[in-house]
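Could you slot chains H and L onto chain B? The hints should help.
Residue numbers (the numbering used here), protein chains in the order written: chain B, 1 to 349; chain H, 1 to 322; chain L, 1 to 314.
To be clear, the hints were calculated from the coordinates, so they are not data collected in a lab.
In this text, a Cβ means the ideal position worked out from N, Cα and C, and glycines have one as well.
Possibly wrong hints are sitting among the right ones.
To be verified - What follows is a set of in silico ranges between Cβ atoms, one per label pair, in the way DEER data are often shown: (1) B:His33 <-> H:Leu11: 45 to 53 Å; (2) H:Pro230 <-> B:Glu92: 16 to 24 Å; (3) H:Ala27 <-> L:Thr217: 40 to 48 Å; (4) H:Val122 <-> B:Val323: 45 to 53 Å.
Unchecked claim - Within a straight-line C-alpha distance of at most 27 Å, the following computed BS3-like cross-link-like pairs (lysine-lysine) qualify: (5) H:Lys126 <-> B:Lys100; (6) B:Lys29 <-> H:Lys103; (7) B:Lys100 <-> B:Lys29.
Stated by the list, open to error - Listed next, the stretches of chain H that the computed footprint assigns to chain L, with coverage defined by at least 3 CB atoms under 8 Å from CB atoms of chain L: (8) 22 to 31; (9) 241 to 249.
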Amino acid sequence: MHSTPVSVAEPAPPIVGQPAPLLAVEGLKVHFHTRDGVVRAVDGVDFQVGSGQTLGIVGESGSGKTISSLTLLRLAPPPARIIAGRVLFEGEDLLRQSDKRLTQIRGRRMAMIFQNPATSLNPILSIGRQLTEILRWHTGASRQAARDRAVELLALVGISDPAARLRQYPHELSGGMKQRVGIARALLCEPALLLADEPTTALDVTIQAQILDLLAELRRRLGMSMVLVTHDMGVVARMADRITVMYAGRVCETADAATIFNAPQHPYTRALLESMPRIDHSYSGARRVLPSIAGRPPDLLHAPPGCRFHDRCPEAIPECRRVMPHEYLLAPGHTVSCLRRGSPGEATP
Amino acid sequence: MGAFRFILRRLAFSAVLILGVSFILFALINAIGNPIQIMLAETPGVSDEMVATLSKFYGLDGNFIDRYWSWLWAILHFDFGTSIIYNQPVADLLQVWGMETLKIQLPGLVLSTLIATAAGVVAATKQHGWADFSIVSSAMLGHSLPGFLIGILLILIFSYWLGVLPSYGAYSTRNLFMGSIVIDGLWHMVLPVAMLTVFNTATLTLLMRSSLVDVLRQDYITAAWASGLPARRVVLHHALRNAFIPQLTYLGTLFGLMLGTAPVTETVFTWPGLGALYISAIQQLDYPVIMGETMIITVMLVLATLLTDIAYVAIDPRIRLA
Amino acid sequence: MNAELAPTALAETAPLRRPPLGVWRQSWHRFRRNRAGMIGLFLVALVVLTAIIGPFAAPYDPNDQSAMLRGAAHAAPSARNWLGTDQNGYDVLSRGIYGAPTALAVGLGAMVIASLIGVLVGGIAGYVGGFVDEALMRGADFFMIVPIFVVILAVVRLFGIIVVGTALERIPNLNLMTIILLLGLFSWPPIARMARAEFMRLRHAEFVEAALCIGTTRRDILFRHILPNALPPLIVLVALGIGTAILTEAMVSFLGFGDPKSISWGQMLFFNYQALKVAPWACLVPGAAIFVTVLGFNLLADGLTDAFNPRVRG
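Okay, chain B solo, but in the shape it has when bound (with noise of 0.2 Å):
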């Protein structure tokens, strides 16, 4: 049950060996089967993370982000199901692998963190115990070198006395520390790529700061890969190499970190930077008032037709309720998804 269950039509299709990036995630739908009816939670996604590199899968809550990011570990809860896409991961795609094949994989070469620290720890098992059991289960370590492993991680990711933590239960903990716990537990075992679903959200402004710091260091020196998934546009404007816009199950526009805050292609991207309180605007006279997007997402169990954004954008033409838009090319790395931004010559296959 512990892995979300893959119905995929069509046959695997071969894996084409260029230098291929990290991780590429190919044509994703995970669907909800409800009582009410199938939600398009993720429909038809791709998205890549190079080596050593960050990206940063922005969107409002119920754009799919989250359901996206944990489904490359295949831990989509129920009645989550996987109805297409490849996840290639390191040569493998994931979504054709074992479930002992994957207990391989997560926590080792592929590891993740929460957003909530205070529940994604375990309450009833100490934290020595928590680590050293997945190093332990991973590496075969003795209970003395895993230890002294786990206190060398909580050491990296800046806590003090680490060798007294290890006796100490998750209730003991300020938030801001489990996070850091939760941290040191994706790392014990230096995978080559981190998820991070919004890491920073649950905690205090200060330490929010102080952990993408830490995250921001600790990827440098591990050299590990990240993908960054929030609601921030202020925090992937800090950590991220390259930035993915996701609106209601969708992606929307994929480049460079500068590129987007620079010159943004999609309407949502524009609107949601506009939404976002800037230090160097005024924001008096005439524009008082920080602008909004008008409306609000579409419910995913009655998703409209054509471009899921046209009801809220400023920019539709008619075509838009219509035609689904394809992801066009605009630049090298610079994809976007909109009818008004490229002519049907320039989609990418």
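Relative to the frame of chain B, chains H and L by itself:
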């Protein structure tokens, strides 16, 4: 609140509870008048002096508050008085008959906890599969099956139709089964224990499944999967321990329920335990036994609650010295 | 960030795809899709119909012991007595049918009493809070730990003696009424706890504060705003409680402390248990009736939980 203070508070509350129950019952029994008089009312040749002497012997003279205090004082010294019907110290009766009750109830409780845990794990991890469906539906049926009906069905099947197990009593009256008193005793325990086990397992299974399903949805379980731990460790090590915490409270409640409904169980199997003693005592107004036994059952309930509290502290570090 | 924005004028002009249904209708829609709940509803309806129509359709008078005169006590099921006769020559089917109204009276009566006390105590505790809350909830704890069944047995018996020679003795079915009253008196704590939790939650709900702002009276706040919203979880508890009350009455009667003047399933078991070997039907029929009734109410409660609270389920 520290664990020690927590338990101390429970103890204080329990003491008040026991006092309250004892007072209410004492008052009620006194409201019916002098039981000696009622019992002997239709017996010919009983003089008023005899009633007075007997009343004095059983501590039924004097005013209400005095009697309550002296009774309470005696109870604190484990002196429950003398049974009017059996003419034996109530304390001895409670001990002998109480052992018989625990003899079937504790195995029933242990067995059903083991079975329910296993069934709950299977159902929760194979959610919505056929195993889950059959476990949940049979538990649902069993949960609504009255205990005595289970007993009746067991007796009909195993004693009357198959003729393989004894239907009543704790020991054979004539020939011991296989010539050994131990084996004979165990042989008689089978059906009552089976009834209690079936009865408890159903409810415990439903509870185990729902709390395990709940725990399996928690972030820390997703985190355990994401760390690559195998299913065995995640379910049995990380999830089960957490799922057991709500179960503990219910085990205390269940023990109380079993003890409280012992009269029914023991009537079905003609079992010589506390329940049977209690019924004969209320039928015949054996007032020292009614009082003593209600007290003992209340105290045992309170102890069971206290034990679950201590078990809580042992299993959940959040309560420990918080 | 500000992506999750309050609905604006644009959203309000957008047409709604489906008109929103009322809470109750929505719950009914979900309930209908719950298999266990629907089976429960069917069983409960069966028992209720038996209680209403049964007495007109029963083949024999419940007090007809004529089989005894024919020497046909313990008779096996036959064309004459579909479910056989019992120890005392009664027709088991007819007795069983007449047990249904008694069972429902016990279940409903006990739960009416329990709900009144429970909602009152829990509501006050939750709405007033503070010391009152603490005192009332300690009281509820008291009733939760008391060995209810044993106490009921003793009280029923003692009360039976106390009333001898008083005016109360002339009340018909006094014994049954005592049992109902006791069941009610001992089953309110769970309802009180739930009512307390709901009242505490709703007291600070936005719509209640809004009502307070526009000057709604305290009585209207309690009875028109809070109580209807607190009902769903309470209804579930009441459905469960009816089953439990019926079962407890059956156990009390099975031990011989029931009302000799009324016909109940537990009492049928009491009279016929000694003859289990010769006439098992006389025990199995009332046993099955109790089972079906309790199962019906339990499944109904299960379905209702699901209908009122769709997220609880996995």
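Hint by hint, here is what the structure shows:
1. B:His33 <-> H:Leu11: 45 to 53 Å: holds, 52 Å
2. H:Pro230 <-> B:Glu92: 16 to 24 Å: With a Cβ separation near 19 Å, Pro230 of chain H and Glu92 of chain B satisfy 16 to 24 Å, so the hint holds.
3. H:Ala27 <-> L:Thr217: 40 to 48 Å: holds, 42 Å
4. H:Val122 <-> B:Val323: 45 to 53 Å: Holds: the Cβ-Cβ distance is about 50 Å, inside 45 to 53 Å.
5. H:Lys126 <-> B:Lys100: holds, 17 Å
6. B:Lys29 <-> H:Lys103: violated, 59 Å
7. B:Lys100 <-> B:Lys29: The hint holds at about 23 Å.
8. 22 to 31: holds (count 4)
9. 241 to 249: Since three or more residues must qualify, the claim that chain L covers the region 241 to 249 of chain H is violated, with 0 doing so at under 8 Å.
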